[in-house]
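Full structure from sequences and hints, please.
Quick note, the sequences are listed as chains A, B, C and D, same order. For the first sequence, position 92 (counting from the first letter as 1) is numbered 92 according to UniProt numbering, and the numbering increases by one without interruption. For the second sequence, position 163 (counting from the first letter as 1) is numbered 163 according to UniProt numbering, and the numbering increases by one without interruption. For the third sequence, position 295 (counting from the first letter as 1) is numbered 295 according to UniProt numbering, and the numbering increases by one without interruption. For the fourth sequence, position 43 (counting from the first letter as 1) is numbered 43 according to UniProt numbering, and the numbering increases by one without interruption.
Hints listed in this document are in silico derivations from the structure and should not be mistaken for laboratory results. Treat the hints loosely; a few may be bogus.
Put simply, identical chains are the same to the list, so a pair is met inside one copy or across any two.
[What the hints assert, rightly or not] Straight-line C-alpha distance at most 20 angstroms; calculated SDA-like pairs for lysine to any residue:
#: 1; residue 1: LYS263; residue 2: SER53
#: 2; residue 1: LYS91; residue 2: MET1
#: 3; residue 1: LYS204; residue 2: TRP221
#: 4; residue 1: LYS268; residue 2: GLN49
#: 5; residue 1: LYS91; residue 2: GLU269
#: 6; residue 1: LYS268; residue 2: GLN52
#: 7; residue 1: LYS91; residue 2: GLN139
4 protein chains.
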Amino acid sequence: MKAGIVGATGYGGIELFRILNVHPQIDDITLYSSSQAGEYFEDIYPQMQRGQSHILADVEPDKMKEDLDVVFLATPAGVSIDLTPQLQGGKAKVIDLSGDLRLKDQSLYKQWYKKEPAGEAVLGAAVYGLPEWNKENIQQADVIANPGCFPTAALLGVGPIIKERLASPSSLIIDAKSGVSGAGKNPNLITHFAHAQENFQIYKVNQHQHIPEIEQQLQQWDEDSQPVTFSTHLVPMTKGIMATIYLQLNEEMTVEKLQSLYKSYYEKEPFVRVREMGSFPCTKDVYGSNFCDIGITLDPRTNRVTIVSVIDNLMKGAASQAVQNMNLLFQADERAGLLTLPVYP
Amino acid sequence: MKAGIVGATGYGGIELFRILNVHPQIDDITLYSSSQAGEYFEDIYPQMQRGQSHILADVEPDKMKEDLDVVFLATPAGVSIDLTPQLQGGKAKVIDLSGDLRLKDQSLYKQWYKKEPAGEAVLGAAVYGLPEWNKENIQQADVIANPGCFPTAALLGVGPIIKERLASPSSLIIDAKSGVSGAGKNPNLITHFAHAQENFQIYKVNQHQHIPEIEQQLQQWDEDSQPVTFSTHLVPMTKGIMATIYLQLNEEMTVEKLQSLYKSYYEKEPFVRVREMGSFPCTKDVYGSNFCDIGITLDPRTNRVTIVSVIDNLMKGAASQAVQNMNLLFQADERAGLLTLPVYP
Amino acid sequence: MKAGIVGATGYGGIELFRILNVHPQIDDITLYSSSQAGEYFEDIYPQMQRGQSHILADVEPDKMKEDLDVVFLATPAGVSIDLTPQLQGGKAKVIDLSGDLRLKDQSLYKQWYKKEPAGEAVLGAAVYGLPEWNKENIQQADVIANPGCFPTAALLGVGPIIKERLASPSSLIIDAKSGVSGAGKNPNLITHFAHAQENFQIYKVNQHQHIPEIEQQLQQWDEDSQPVTFSTHLVPMTKGIMATIYLQLNEEMTVEKLQSLYKSYYEKEPFVRVREMGSFPCTKDVYGSNFCDIGITLDPRTNRVTIVSVIDNLMKGAASQAVQNMNLLFQADERAGLLTLPVYP
Amino acid sequence: MKAGIVGATGYGGIELFRILNVHPQIDDITLYSSSQAGEYFEDIYPQMQRGQSHILADVEPDKMKEDLDVVFLATPAGVSIDLTPQLQGGKAKVIDLSGDLRLKDQSLYKQWYKKEPAGEAVLGAAVYGLPEWNKENIQQADVIANPGCFPTAALLGVGPIIKERLASPSSLIIDAKSGVSGAGKNPNLITHFAHAQENFQIYKVNQHQHIPEIEQQLQQWDEDSQPVTFSTHLVPMTKGIMATIYLQLNEEMTVEKLQSLYKSYYEKEPFVRVREMGSFPCTKDVYGSNFCDIGITLDPRTNRVTIVSVIDNLMKGAASQAVQNMNLLFQADERAGLLTLPVYP
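Have a look at this one:
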């Protein structure tokens with residue numbers, strides 16, 4: 001199978017290259033870059049050198065849609081709005097890692113992304129690529145809107161409890177923490193090492209563009225669901241997301257019951273691991289892997305549930321989830337190329 | 001003035017030594033250690049060498065209470081329960097940095113600390129040393145229960161809004177994050193660099209001993225206050241605490257009004273800085289200082305308030321707040337010895 | 001093929017498990033631990049859970065040497081001295097990751113490790129497992145002494161120039177820097193996060209036990225080689241080694257010539273990458289991989305060569321190099337199971 | 001006394017502001033910025049807010065040289081070449097923290113800084129501000145060339161041994177390591193957190209502009225001194241420099257004698273601390289202070305000396321050394337405003 005990666009020199013692109021490089025079904029990888037076309041990828045990233053070098057090709061949609069089996073768009077917001085329609089209708093399937101195709105409601109995109117939204121046709125074709133909750137649709141799709149990093153952690157964490165309507169949707173608070181790579185590769189004062197290290201920062205309070213993405217899926221599960229409170233923090237580490245999630249239960253229940261609900265929801269999912277009672281994951285537990293680890297508890301004093309959900313933001317939060325979607329698109333083993341255990345220590 | 005520090009080789013003790021060393025009213029510092037008595041402090045911490053060395057003295061309460069003007073107890077839980085009564089009744093005032101004297105209700109201490117509580121007499125004498133909310137009592141006291149690091153950040157953050165009964169007490173969620181030094185100096189697997197770095201961990205979910213301390217003060221402000229949800233996380237940094245605090249408002253109000261409420265509550269406080277609207281502090285903004293910086297916002301979509309409160313856990317969260325209390329005990333300028341601005345970068 | 005890992009819960013053991021878990025020739029992994037036998041590996045390391053759990057087995061050499069094809073000893077200094085002879089003579093090949101079998105001269109082991117050395121028989125059987133310089137002997141061996149992390153970086157860096165006798169051996173200075181995981185899993189004050197972070201430390205100046213290991217190999221290349229100066233520093237990062245190496249050239253030469261010498265020495269080696277002129281690797285360039293990356297320059301002002309050699313201390317410096325040796329022992333593709341590119345960012 | 005800081009928003013400028021803010025002899029601080037004049041310093045750095053705000057003033061040399069007692073130039077290379085002459089001849093003394101006035105030989109500046117050098121007059125007036133070795137000249141000066149961070153660590157480390165001609169100058173190798181703040185405040189790919197964290201990098205091999213500065217002072221001590229080998233590395237920490245220094249002794253001597261040589265050279269210096277035998281400083285030992293800590297050893301196997309010298313690069317390597325120079329210029333206590341002990345942990 002032939003894969004292409006557009007935006008290969010960004011953090012998402014590099015991670016995709018690393019995974020596809022050892023993926024059993026991928027024979028050939030072409031890397032594309034509009035800003036650095038003509039340069040060698042391995043001159044920019046000498047650590048990626050193994051055997052033959054990869055020249056960064058110009059983005060030529062007409063050619064790509066016939067030559068490639070799958071195209072990954074690891075591009076900044078706004079690019080895939082135009083590019084995806086040009087890639088449709090040929091052999092290639094498209095997996096978009098940006099936020100451009102995730103929101104079905106164009107006005108929400110406009111409001112939260114401050115850009116013109118994608119057209120209805122491409123939005124209609126795009127399937128939200130959260131495999132644990134949308135597997136059948138993904139398998140039929142031609143275009144995948146790969147979920148955002150925060151929504152992945154948050155939604156896998158709240159899915160069962162919201163779906164079962166056990167908690168009050170208006171009580172939902174998601175306090176999320178991310179490593180600095182989530183801010184992308186372009187350097188600025190916030191991501192300068194001397195500023196970010198030995199520092200813990202909050203940003204985009206109540207204004208993060210992942211809020212409507214989370215709310216859209218919540219409404220799929222429960223049409224009564226309400227606006228959520230969602231905060232994002234920058235942790236002095238490179239990779240990893242933890243979402244600490246708070247929910248008020250509708251009625252009294254035991255933590256054992258909650259635990260077994262989660263276990264049963266995810267028991268067939270190869271990449272979601274529900275922890276034993278009293279055990280909570282840390283972000284390093286999933287570092288460099290496609291896992292989402294979840295811990296749950298319940299405070300009888302407040303009848304409030306605390307759910308802890310962790311992922312590697314560049315893996316399950318971006319590149320490896322995209323490859324999981326690719327595996328589903330092509331009816332391969334969902335786990336192909338994604339078997340590596342987390343790095344430790 | 002003569003000061004003594006018991007538990008001088010722990011993190012709180014070192015920080016106290018550093019501050020008192022350049023405090024204008026302190027002429028003489030004696031360091032005490034039960035486990036390392038007889039050794040020189042500067043042999044253990046060569047970086048603290050300046051001029052004459054300090055021998056670690058045995059803890060002799062009878063002598064200390066007459067020789068010293070003030071004794072700081074920077075000791076593990078359980079020590080000051082017995083030691084404080086032995087230090088009372090002489091010249092010396094006592095400032096206890098441990099959690100032993102903070103909870104007025106002995107059964108709560110027993111429940112959360114899993115130890116036998118202090119006696120009623122000493123608990124009756126101990127004044128909770130949160131200067132911004134208890135200044136007059138502190139000035140009259142002989143024994144100070146210096147607040148915990150998390151309660152300091154949390155209470156300064158929620159004080160005005162709870163006092164004014166603007167929000168539902170049962171909606172209060174405090175999602176707190178701390179640097180690793182909060183776990184103390186004894187090495188273990190959790191604080192091992194190779195485990196803690198590039199990692200974000202949650203711990204003691206719903207079980208942290210600072211919960212009853214927070215609730216006790218909330219009840220001072222509002223007797224209808226309820227059990228709170230309080231989570232603690234370990235950030236891969238040495239120092240700093242951020243408390244991200246969520247509250248449901250009782251009625252609609254503007255963020256401008258909230259902002260000016262906080263400004264007016266703290267305008268005379270030299271160590272609490274309320275940020276301008278739309279600005280939130282990060283932990284580095286208070287690194288190495290006695291400041292608590294606070295940012296506030298309000299989401300009109302949910303009518304929920306988000307308050308961000310940051311401190312240096314070893315300074316305003318321990319040692320420098322203890323010195324602020326000392327200044328108040330002796331009617332000195334509250335700011336004496338605490339004028340240093342935060343380290344940056 | 002069946003593999004066993006003794007000392008599975010240490011850092012080297014975990015890394016071995018992670019690699020062997022996806023190694024195409026390994027069907028079965030048994031984990032051994034003398035201190036934690038009977039526990040489940042996945043209870044201790046829940047992040048390693050995938051499918052069936054692994055019980056930690058007792059170390060039973062008689063059984064192991066017949067049941068297993070290969071045994072990895074990821075044990076503290078002193079253990080394999082006795083254990084290796086008990087494992088010899090059966091089906092299993094032994095790869096020892098400790099320093100016990102590396103020094104041929106028993107008196108040197110005694111002097112630098114402060115322990116009784118291994119017997120002559122096992123030392124005679126043990127082949128030094130630095131594949132790039134000892135491949136043929138490794139392929140014939142039954143027992144491998146897997147090199148130390150620092151010697152791996154240092155020797156791959158100086159090999160060509162020493163072998164060709166282009167520099168004065170007595171001028172050799174190796175200034176080495178390592179991530180904290182090199183100090184092992186047992187927590188202590190030096191590796192406490194609050195001490196090690198935002199800190200750069202030197203340790204064991206002129207006293208590191210890797211010094212005689214380096215010198216032994218230097219003498220293989222040049223019998224006139226002299227005692228070296230070797231310093232080790234602790235970097236506030238988890239993994240990675242850089243050796244900055246200084247050598248005085250015997251005669252004037254060009255950097256181009258040096259560069260092509262290195263290129264030609266290593267051109268057939270899949271895991272050593274010599275950088276283009278003027279380019280130097282950083283430790284992240286090899287993070288999570290089996291690569292050793294090397295950069296070289298020459299200062300015409302001093303006629304001194306600077307060589308920069310980087311590895312991942314737990315991979316090429318321990319576990320993945322052990323697997324590379326295993327591949328050679330069993331005449332597999334040297335690269336089997338080791339194709340993953342470095343993690344970035 | 002009135003002080004001015006030009007370039008107040010850079011890392012050196014902030015550190016200067018922090019120190020002068022609590023300096024007993026400074027009554028008034030004016031901050032200057034050519035790029036951000038008119039803005040409030042505290043709007044850019046809210047963490048520096050205490051009392052009245054500071055507007056960033058335009059740089060007006062004519063006015064400054066009469067209004068101020070001392071002007072600190074914390075500006076990028078090239079600025080003080082023109083600015084210093086305009087500030088000369090009035091009341092104000094000038095302390096330049098850039099490299100512009102350090103090299104007496106104009107051709108060396110041209111060669112290493114790739115810029116046009118300062119004029120002879122100002123170079124003639126500028127005194128090299130390394131107080132421990134040049135105190136009397138500093139006390140008479142009107143213009144101070146404040147030393148570079150690496151030269152400060154390196155020269156304090158090698159001074160006594162070079163001055164006494166105990167070692168071969170051509171054998172001198174300085175392997176230096178610095179925190180990321182040394183690269184300044186402007187963000188780039190090298191200092192991006194996601195690149196710099198969990199990474200150890202070498203840069204400017206044999207090409208650092210501090211090389212001629214070191215060599216200039218070496219020649220003051222020993223006119224036979226030779227070109228040195230000097231390497232610089234980037235450590236994943238914000239602040240701190242360690243120079244590991246290697247020298248071949250001319251004749252055999254004991255480490256005790258070396259030790260007492262260093263002790264006697266620096267015994268009257270308040271900011272250089274020579275460690276006891278067998279003890280070596282780490283960078284955290286001087287964090288946030290004006291100290292330079294030095295450890296020395298000697299390997300009898302090679303007759304080579306290893307000297308370890310650590311400073312805080314923004315303090316003794318920049319701002320606090322500049323204040324030390326100011327104290328000397330104005331015949332104040334050399335230690336005024338610089339008494340704070342290092343931050344720990």
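> For LYS91 vs GLN139, is the C-alpha pair at or below 20 angstroms within one copy, between two copies, both, or neither?
Replying inline: within (16 angstroms within a copy, 47 angstroms between copies)
>> If the cut is 20 angstroms between Cα atoms, do LYS91 and GLU269 qualify within a copy, between copies, both or neither?
In response: For LYS91 and GLU269, neither the intra-copy (29 angstroms) nor the inter-copy (39 angstroms) Cα distance is at most 20 angstroms.
> How would you label the pair LYS91, MET1 (within, between, both, or neither) given a Cα cut-off of 20 angstroms?
Replying inline: For LYS91 and MET1, the Cα distance is within 20 angstroms only inside one copy (12 angstroms; across copies 41 angstroms).
> How would you label the pair LYS204, TRP221 (within, between, both, or neither) given a Cα cut-off of 20 angstroms?
Replying inline: neither (26 angstroms within a copy, 31 angstroms between copies)
> What label fits LYS263 with SER53 when the C-alpha limit is 20 angstroms: within, between, both, or neither?
Replying inline: between (45 angstroms within a copy, 17 angstroms between copies)
>> I want to check one pair: LYS268 and GLN49. Are their C-alpha atoms no more than 20 angstroms apart within a copy, between two copies, both, or neither?
In response: between (37 angstroms within a copy, 14 angstroms between copies)
>> My question is about LYS268 and GLN52: at a cut-off of 20 angstroms on alpha-carbon distance, are they close within one copy, between copies, both, or neither?
In response: between (39 angstroms within a copy, 14 angstroms between copies)
Hint check: violations occur at hints 3 and 5; the rest are consistent with the structure.
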